[in-house]
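Numbered by the numbering used here, the letters in the sequence shown go through residues 77 to 188 in order.
Don't read these hints as lab results, they were simulated from the structure. Just to be clear, a hint being listed does not mean it is correct.
What the hints assert, rightly or not - Taking CB as the label site, the calculated pair distances span:
1. 114 / 172: 27 to 33 Å
2. 169 / 113: 30 to 36 Å
3. 156 / 114: 51 to 57 Å
4. 77 / 152: 47 to 53 Å
Note that the Cβ used here is the ideal one computed from N, Cα and C, for glycine as well.
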Amino acid sequence: DWKKVFTREFSSGLMLGGLIGFLGFVTLVGWDLLAGQALSATVFLTAGVVGLSLFSIVLFGNFTGAMLPFVLQKLELDPAVSSAPFVATIVDVSGIIIYFSIAILLLSGTLL
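Work out the full structure, taking the sequences as your base and the hints as a guide.
The structure is reproduced here in structure tokens:
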């Protein structure tokens with residue numbers, strides 16, 4: 077049942093993405109603090125881009141990995157082709173697009 081799988085994967089993606097996104101944000105802010113630099117809006121914007129990107133990419137990866145076999149089955153294709161390398165490639169390429177899209181949205185007019 078795809079609805080059950082979607083609900084489970086979405087909730088785990090929210091938790092995992094939230095944790096990883098938060099850690100990414102805190103890490104970037106922490107690096108600036110350890111370097112002895114004053115925290116500025118630029119630091120928080122950059123850390124926000126990284127944190128939000130990590131959250132979005134993890135959530136998208138969970139969704140893709142869980143739903144792709146159902147989509148392929150609906151298209152009457154072999155769901156076995158949705159192997160880990162195939163899903164990883166889709167998520168990697170999409171991750172770059174997600175990262176730069178979020179960077180453009182959050183940083184346009186400031187750093188860009």
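Query - Contradicted hints - numbers only - result: 4
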